[in-house]
Amino acid sequence: MGSENKSQKKTNDKPSALGPFKAIKFLFKKPKTLRYPFEEKEPSPRLRGFHLNDWDKCTGCGNCDDICPSQAITMVEIPEIKAEPGKKNERPRIDYGRCCYCGLCVDVCPTGSLRLSKDYLHIHFDPKTFTSFAKDEKSDSEHFLPEEEYSIFKANLSHRKQNNDGFVSDLKYSLFEPERVKMPHVPLDERKLSFIEEVIGYSREEAQIEAGRCLECKLCEDACPAHMKISDYIKAIYEDDAERSLKKIFEDNPLPSICGRICMKHCEDACSLSIRGESVAIRWLKRYTADQVDDFQKALRQKSAESTGKKVAVIGAGPGGLSVAYFLTLKGHKVVVFDSLPGGGGMMRMGPPAYRLPITSIDKDVEYIASLDVEFRFNTTVGEDITFEDILEGYDATYLGIGATSSRSTKVKNFEKCMLGLDFLRENKIGEGVKVGKETIVIGGGNVAMDVARESLRLQHIQHPNEKTVTKTVSLENWNEMPATEEEIEDSKDEGIEFNPAWGPKEVVLDDKGDVKGLLCKKVKKVFDDQGRFSPEFYEEKTTLLEGDMIIEAIGQGPDFSFIPKQLMDKLEFTERRKVKVDEGGQTSISRVFAGGDIVNLNLDAVTAIADAKTAAEGIDKLLKKTKR
Amino acid sequence: MTERELEMYFGPQHMGMVGNFGITLTVKGDRILKAKANPGYLHRGFEKLMELRTWTQNSPLVCRVNVMEPHSMEMVYSMAVEKLAGIKVPMRAKYIRTLTLELSRLASHLFGCWAYANMLGFDTVAQWAMYHRDLILDLFEDFTGGRVYPIYIWPGGVRRDLPDGFKEKALNVLHEIRSKISDYDATFFNNKLFYDRAKGIGKISQEEAKNLGGTGQILRGNGVESDIRKIEPYAAYDKIDFEIPTREGGDAYSRVWIIRDEMIQSVHIAMKCLEQMPEGSVYNKVPNPFKWKIPKGETYVRVESSRGELGLYMVSNGGDKPYRVHFRTPSYPHGLTILEKILVGENIADVGNIMISLYVTPPEIDR
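Residue numbers (the numbering used here), protein chains in the order written: chain F, 1 to 629; chain S, 630 to 996.
FYI, nobody ran anything at the bench for these hints, they're computed from the structure.
Since the model is a prediction, treat every value here as computed from it, not as a measurement.
Careful: at least some of the hints might be erroneous.
[Claimed, not checked] The calculated lysine-lysine pairs, modelled on DSSO-like cross-linking and capped at a C-alpha distance of 30 Å, are:
(1) Lys798(S) with Lys914(S)
(2) Lys229(F) with Lys920(S)
(3) Lys717(S) with Lys182(F)
(4) Lys828(S) with Lys218(F)
(5) Lys172(F) with Lys914(S)
(6) Lys29(F) with Lys717(S)
(7) Lys677(S) with Lys235(F)
(8) Lys526(F) with Lys493(F)
(9) Lys950(S) with Lys172(F)
(10) Lys922(S) with Lys218(F)
(11) Lys14(F) with Lys809(S)
(12) Lys950(S) with Lys677(S)
(13) Lys218(F) with Lys914(S)
(14) Lys218(F) with Lys809(S)
(15) Lys235(F) with Lys798(S)
(16) Lys796(S) with Lys235(F)
(17) Lys413(F) with Lys468(F)
(18) Lys182(F) with Lys828(S)
(19) Lys22(F) with Lys828(S)
(20) Lys925(S) with Lys247(F)
(21) Lys247(F) with Lys798(S)
(22) Lys798(S) with Lys41(F)
(23) Lys677(S) with Lys41(F)
(24) Lys22(F) with Lys82(F)
(25) Lys925(S) with Lys235(F)
(26) Lys914(S) with Lys30(F)
(27) Lys41(F) with Lys809(S)
(28) Lys161(F) with Lys832(S)
(29) Lys22(F) with Lys798(S)
(30) Lys235(F) with Lys970(S)
(31) Lys821(S) with Lys172(F)
(32) Lys717(S) with Lys235(F)
(33) Lys229(F) with Lys87(F)
(34) Lys925(S) with Lys950(S)
(35) Lys32(F) with Lys925(S)
(36) Lys364(F) with Lys303(F)
(37) Lys14(F) with Lys832(S)
[Said to hold, decoys possible] Pairwise CB distance ranges (calculated):
(38) Ile860(S) with Glu42(F): 40 to 48 Å
(39) Thr966(S) with Ser16(F): 30 to 38 Å
(40) Tyr120(F) with Arg673(S): 18 to 26 Å
From the three backbone atoms N, C-alpha and C, an ideal C-beta is built for every residue, glycine too.
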């Protein structure tokens, strides 16, 4: 090509009158024109034609609607589709009078359900047919026809070919980032030996990049029990405005330091990015905001409304109790919180090990709420130091945020030689500390069991250095059924905890001196019945002996209502699932007594307790404004 | 009978007019005394529209400014955004961009040949040019997904990698077009009839062309070696060896010959791109479209489009949308100042001839 290239400059024009006759030779060649529609042209595999949408995969997030530069896409509610966390009942409708076939909607679709097909023909007399829902052969077999039934003469938006994908989504070229910024952790060897907080937290740059991944579809906000303004506070982080972010968080949740660490993150499960990639690290971003602002008081500058003169008692300073106190104080009511522990946080204080939730983080949130003029009476056990009747009499309303604080036991033979999970955690975190054995067995497969096991492992490393130690867990559930979060199970495995899934405890075996020697286990047949209820069945004869010198039971917790006198307890109504029955304002069947948290909901987590507290706070406020003293 | 001055309208409805554009001519007999360009039929307000759309949403919009050559528009927009936001482009993407731009230049020149040949009545050549342009559109369909509006070059690189087997297909098309140049020569460029129609028509001196803002073929047809691809190389043009065809004369004939020579160069560059193309990624992700903000700043970038210097001045005030966008399109001076100047003294029958030889596209003037 090179030499030809050079010479071309010198080939000068030689106009000729005879030259054009050279074209005559083309008379004897076949025409290049396509005789459409009798000759069809196969479109390129990447052609951007009409839309296709898999309705099962589509979450109705509406990102396609938001990105469309010509506003051709409208999200329309479909009554037949049931909305659920992480899924809206809306689907995109496309106006082909406006669509410019740019395919931005495809590149921004987090699920990959929206694609463009190779169909591009719409022949119809009615201009109204230009608007249609994007569907595909899976959701609309009537209009998507197999090759043999398709005819190009009838081609239109409701006469389309099956399996005719054209321009489809590709994560490599998507408009969003499917992978999250990696959260730095303390190295495994280091964290195994101490109670240092395992998750280090995002730096400013990391948090901004992570916040920048959020597509603002707000699926998470519907899934969050407290309906926090997630996309708003994430946007504030992206714009490097931690104070605005904190204000947004405090609108619905006054415990960002706690929730930023241990929240069960229903939001992240609903995140539209989680379908093909990793969800936005919403929990860690909340933690970032809480850690970034040193002084909540200075940043929030919140003031309570004018005093109403009403007094509210809150029993239990857990997440629910703290939140109710926060919301009611802002409304001008005087709140007194009773708790038997020496500090705020309730289950958060005694439960989650320090490597997950340090006491300092709890105190940060509690101190802020205390600074709003909430009165805390710690080390005060209702029923012992003050009676429940006195509280009912002395206050205009009472909130029960007592949680599930008493551990259940397996009640197998010699069970009294075992330790209870919550006692173990409490002793370690706020008590004297526990002496662990060299071979610990933890019964249970939930998050508390994981906490107990991982804490035991750390204590073993500290108390028995340079000795062979082991922590084992036994759970009825198999790997797939285990209720603990995947992240907890993975971390536990990494740290070296031995798992024995699908084994049930039969008997605690003792040696001659009456000390624990091990746990006799039986094989589990199945854990749940056909309706999905807990009803374990065992192969009684298939047994194994797990050796160990310490056994901790962590098989679940229940509430402790012992402080409520019998005549009142009889009045307290429960639901079928043994939960306290409350109305839409959070009021129980006893008048002026409200409840929320683990004794009311089935989620059994902090953020649901906060959501309950918000409802109850509204209910209490309504009640107090109605009644005159 | 005495000759008197007449005002006549040439376009927008006129056989010899390409696009929605008009010229108001003051004539005496067949001679043109004065020409006044009469644009405005194609104003779509792109520059304002772009201020209302986010950085990502603008990609499908810019290519529509010039139908003949959407790729240069995308390129100039991507370059401006990349410069303002400090985005790096992978090497492979640079090569793919170069390839796309050259195919686009080829398609545009073939379209130009069609327009010129069709207007002068060389219907055979016009059909060939249309067919060959279609082969390139097929290539575009293959790797971009769109035949006319590709929406392919965008900030961060290109939208998708080339599909499997693309190289062979593209080389076939390029060889086909290269081998037909001699037929084009015989029937059109070297045709005595064409020579007679175009030689000496629409003459402009080098000095005047420069003063009136002429670029591209206007300058190169006047012996000036002016080409942004060499002056300020962008994409991968600095990695590829090619020549700038120039010619003396400054008339319609030499300008058309520049187009013809450029087609050969474009085939050459496209082939070199396919040959030298490195492996690797083709797209560096830009931030999420709903959160993307570009730091405050302003920039002017330019590329050599098939018609001359295409520039884009863009201002960001730190927001998620451009604050101001202004295109410097080559047809603007060519179709207004230069056209008005060189039509004076010409024959009415040559108006269309001259306008197409200046390679004017009305959508670039109006925007």
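Evaluated hints:
1. Lys798(S) with Lys914(S): 29 Å, holds
2. Lys229(F) with Lys920(S): 17 Å, holds
3. Lys717(S) with Lys182(F): The given pair, whose Cα atoms are some 23 Å apart, holds under the 30 Å limit.
4. Lys828(S) with Lys218(F): The given pair, whose Cα atoms are some 67 Å apart, is violated under the 30 Å limit.
5. Lys172(F) with Lys914(S): 9 Å, holds
6. Lys29(F) with Lys717(S): 49 Å, violated
7. Lys677(S) with Lys235(F): Holds, at roughly 27 Å.
8. Lys526(F) with Lys493(F): 24 Å, holds
9. Lys950(S) with Lys172(F): Distance of about 25 Å is within 30 Å: holds.
10. Lys922(S) with Lys218(F): Satisfied, since the Cα-Cα distance of roughly 20 Å is no more than 30 Å.
11. Lys14(F) with Lys809(S): 17 Å, holds
12. Lys950(S) with Lys677(S): With a Cα-Cα distance of about 11 Å, the restraint between Lys950(S) and Lys677(S) holds, given a limit of 30 Å.
13. Lys218(F) with Lys914(S): Measuring from Cα to Cα gives roughly 23 Å; hence the hint holds.
14. Lys218(F) with Lys809(S): With Cα atoms ~58 Å apart, Lys218(F) and Lys809(S) exceed 30 Å; violated.
15. Lys235(F) with Lys798(S): Since the Cα atoms of Lys235(F) and Lys798(S) sit roughly 46 Å apart, the hinted pair is violated (cutoff 30 Å).
16. Lys796(S) with Lys235(F): 44 Å, violated
17. Lys413(F) with Lys468(F): 28 Å, holds
18. Lys182(F) with Lys828(S): Not OK: Lys182(F) and Lys828(S) at ~68 Å, beyond 30 Å, violated.
19. Lys22(F) with Lys828(S): Given pair Lys22(F), Lys828(S) holds - Cα atoms ~22 Å apart, limit 30 Å.
20. Lys925(S) with Lys247(F): Given pair Lys925(S), Lys247(F) holds - Cα atoms ~28 Å apart, limit 30 Å.
21. Lys247(F) with Lys798(S): Status violated; Cα separation ~59 Å.
22. Lys798(S) with Lys41(F): 16 Å, holds
23. Lys677(S) with Lys41(F): Given pair Lys677(S), Lys41(F) is violated - Cα atoms ~38 Å apart, limit 30 Å.
24. Lys22(F) with Lys82(F): 71 Å, violated
25. Lys925(S) with Lys235(F): 19 Å, holds
26. Lys914(S) with Lys30(F): 47 Å, violated
27. Lys41(F) with Lys809(S): It holds: about 24 Å lies between the C-alpha atoms, which stays within 30 Å.
28. Lys161(F) with Lys832(S): 56 Å, violated
29. Lys22(F) with Lys798(S): 28 Å, holds
30. Lys235(F) with Lys970(S): Violated - the C-alpha atoms of Lys970(S) and Lys235(F) are around 56 Å apart, more than 30 Å.
31. Lys821(S) with Lys172(F): 55 Å, violated
32. Lys717(S) with Lys235(F): 25 Å, holds
33. Lys229(F) with Lys87(F): Status holds; Cα separation ~17 Å.
34. Lys925(S) with Lys950(S): It holds: about 11 Å lies between the C-alpha atoms, which stays within 30 Å.
35. Lys32(F) with Lys925(S): Violated. Lys32(F) to Lys925(S) sits at ~53 Å, over the 30 Å cutoff.
36. Lys364(F) with Lys303(F): 18 Å, holds
37. Lys14(F) with Lys832(S): 20 Å, holds
38. Ile860(S) with Glu42(F): 40 to 48 Å: 43 Å, holds
39. Thr966(S) with Ser16(F): 30 to 38 Å: 36 Å, holds
40. Tyr120(F) with Arg673(S): 18 to 26 Å: The hint (18 to 26 Å, Cβ to Cβ) holds, given that Tyr120(F) and Arg673(S) are roughly 24 Å apart.
Consistency with the previously given hints fails for numbers 4, 6, 14, 15, 16, 18, 21, 23, 24, 26, 28, 30, 31, 35, ordered from lowest to highest.
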